[in-house]
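Note that the protein sequences, when read in sequence, are chains A and B.
For what it's worth, this note's numbering labels the leading residue of the first sequence as 1, then goes sequentially.
For what it's worth, this note's numbering labels the leading residue of the second sequence as 274, then goes sequentially.
If you are wondering where the hints come from, they were derived from the structure by calculation, not from laboratory data.
Watch out, some of these pointers could steer you wrong.
Said to hold, decoys possible - So the derived list for chain B, only partly shown, Cβ under 8 Å to chain A, looks like this:
1) Phe299
2) Leu317
3) Thr321
4) Met325
5) Gly344
6) Ile351
7) Thr409
What the hints assert, rightly or not - Ranges of calculated distance between the beta carbons of each label pair, as one might list FRET restraints:
8) A/Phe60 / B/Gly300: 54 to 64 Å
9) A/Gly41 / B/Ala297: 23 to 33 Å
10) B/Gly300 / A/His9: 35 to 45 Å
11) B/Arg410 / A/Ser39: 12 to 22 Å
12) B/Ile432 / A/Arg155: 50 to 60 Å
13) A/Ala13 / B/Leu338: 21 to 31 Å
14) A/Ser61 / B/Gly300: 51 to 61 Å
15) A/Ala251 / B/Ser387: 19 to 29 Å
16) B/Ser387 / A/Asn118: 52 to 62 Å
What the hints assert, rightly or not - From chain B, some residues computed to sit far from chain A (all C-beta separations above 12 Å):
17) Leu282
18) Pro301
19) Val303
20) Ala323
21) Leu333
22) Phe363
23) Ser373
24) Ser375
25) Ser399
26) Phe403
27) Leu417
28) Gly420
29) Leu423
30) Thr434
31) Thr438
Beta carbons are placed, not taken as given, at the ideal position from N, Cα and C, and that holds for glycine.
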Amino acid sequence: MRKSNLIYHLINAAIFIFLEIAALNMLGNNGSIQGTWISRGVQNFMGAVWGGAQSISDYFSLRKKNDVLAQENFELRLQIEQMKAAMPDFIPENIGKTGSTAGNYRYIHGEITKISNNTQHNYMIIGKGYEDGVTEGAGVITGKGAVGVIDAVSRRHSYARSFRNHEMNISARLGKEGAVGPLTWDGKSSDGAILKEIPHHVEFEKGDTVFTSGFSSIFPPDIPLGSVGEARIVNGATYEINITLFEDFGALRYVTIVENLGKEEMKELEEGR
Amino acid sequence: MKNQNFGVLFFLMVLGQVILCNFADFGPYVSLSLLPAMILCVPLAVSTPACMLLAFATGLSVDWLAEGIVGLNAASLIPVALMRKPLIRFFLGEDLITRSDSFSFKKYGAAKISAILLIETLIFLSIYVFLDGAGTRTAVFNLLRIGVSLACNYILAIIVTNILTVDDRK
Numbered sequence: 001m002r003k004s005n006l007i008y009h010l011i012n013a014a015i016f017i018f019l020e021i022a023a024l025n026m027l028g029n030n031g032s033i034q035g036t037w038i039s040r041g042v043q044n045f046m047g048a049v050w051g052g053a054q055s056i057s058d059y060f061s062l063r064k065k066n067d068v069l070a071q072e073n074f075e076l077r078l079q080i081e082q083m084k085a086a087m088p089d090f091i092p093e094n095i096g097k098t099g100s101t102a103g104n105y106r107y108i109h110g111e112i113t114k115i116s117n118n119t120q121h122n123y124m125i126i127g128k129g130y131e132d133g134v135t136e137g138a139g140v141i142t143g144k145g146a147v148g149v150i151d152a153v154s155r156r157h158s159y160a161r162s163f164r165n166h167e168m169n170i171s172a173r174l175g176k177e178g179a180v181g182p183l184t185w186d187g188k189s190s191d192g193a194i195l196k197e198i199p200h201h202v203e204f205e206k207g208d209t210v211f212t213s214g215f216s217s218i219f220p221p222d223i224p225l226g227s228v229g230e231a232r233i234v235n236g237a238t239y240e241i242n243i244t245l246f247e248d249f250g251a252l253r254y255v256t257i258v259e260n261l262g263k264e265e266m267k268e269l270e271e272g273r
Numbered sequence: 274m275k276n277q278n279f280g281v282l283f284f285l286m287v288l289g290q291v292i293l294c295n296f297a298d299f300g301p302y303v304s305l306s307l308l309p310a311m312i313l314c315v316p317l318a319v320s321t322p323a324c325m326l327l328a329f330a331t332g333l334s335v336d337w338l339a340e341g342i343v344g345l346n347a348a349s350l351i352p353v354a355l356m357r358k359p360l361i362r363f364f365l366g367e368d369l370i371t372r373s374d375s376f377s378f379k380k381y382g383a384a385k386i387s388a389i390l391l392i393e394t395l396i397f398l399s400i401y402v403f404l405d406g407a408g409t410r411t412a413v414f415n416l417l418r419i420g421v422s423l424a425c426n427y428i429l430a431i432i433v434t435n436i437l438t439v440d441d442r443k
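Please take these sequences and the hints and turn them into a complete structure.
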């Protein structure tokens with residue numbers, strides 16, 4: 001009896017929802033003001049649902065994030081202590097500010113508000129814009145690698161081309177003092193990349209770390225990107241090496257936007273030549 | 274006892290509603306509608322899904338024939354059909370629904386029938402007014418429109434209920 005009652009109520013609810021959606025759809029198509037209003041309402045609803053689901057997912061990944069942050073904190077503290085020991089009178093000027101400058105680079109902390117990971121042209125939207133000092137052409141990094149380049153900037157948001165995009169490559173170095181070549185996404189896996197144009201005489205081993213080379217005006221040098229996997233010789237001249245990236249793009253949330261302060265000067269010099 | 278002429282009367286009232294929409298203008302604060310009371314008076318032998326379909330078809334017919342925004346009456350009337358049996362069950366008892374009997378002011382008293390009519394009309398008007406305004410009117414205007422229309426529609430609803438329901442105690 002109870003089961004048949006439940007089925008009856010479910011049928012009622014289904015028919016009600018179906019008819020109501022049909023009526024609202026007709027209303028939206030026939031009344032221009034109503035159409036705009038209903039579509040705005042639907043967008044807000046979907047936004048709330050998406051945001052809620054994201055919050056739940058974030059909550060359950062907090063433990064993992066905490067572990068990563070704790071490890072990162074430890075390493076940073078260690079570096080500060082080492083710096084203090086090396087330079088006892090050094091006091092950094094910009095500590096505590098939104099954007100901090102270190103050496104020739106300016107760093108801005110940001111949070112990803114939207115990310116695309118399932119196409120061949122992936123991108124991310126970061127919740128920092130020109131009001132926060134973000135400029136086009138700045139790099140996007142994390143503690144585990146270079147993840148993108150800023151392509152467009154609005155007042156409060158910026159659009160970054162993801163590393164997982166066929167139009168993107170990063171100048172990478174095998175080890176800290178090895179050969180340099182372009183690193184591109186392999187186009188298939190979430191953590192796979194290919195390091196190309198490595199001369200065939202260069203020696204390396206599986207598991208070696210790949211770093212940013214610093215030979216571009218975007219990323220600072222020595223950011224760890226991934227580890228070396230299988231390699232093959234192409235055209236008898238150079239290696240193509242499979243790289244397993246350190247960064248998990250599926251769990252990406254917080255990033256650092258890095259801007260080379262000498263970028264304009266370098267550009268002017270190149271154009272002058 | 275059942276109203277043998279219900280179908281004809283219902284059809285005539287749909288025409289009446291079309292005429293009301295096309296030719297009667299009582300200003301921005303008054304929206305007159307026979308539809309919520311008509312749906313409430315649909316015989317209880319008709320199931321809720323069938324009543325919702327009837328409400329959808331009736332609402333669309335009125336929207337088309339009255340040159341209004343298609344879907345406005347239909348979207349407002351479907352919840353009235355959904356709430357019909359739960360409200361009757363709450364105010365008049367399960368027995369009436371089990372017997373698929375009819376109700377009237379004389380049998381159940383003005384207070385209970387009025388409560389059902391007012392709630393059904395309020396559901397209809399709330400959706401109608403907010404969808405019609407589509408965020409362009411202030412909340413005060415909408416609430417005022419619902420209040421004034423509810424008062425006017427209550428009188429119409431009493432007339433419609435008296436016509437469409439049969440009092441077998443006469």
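Give me the numbers of the hints this structure contradicts, sorted from smallest to largest.
Structure breaks hints 1, 2, 15, 20, 21 and 26.
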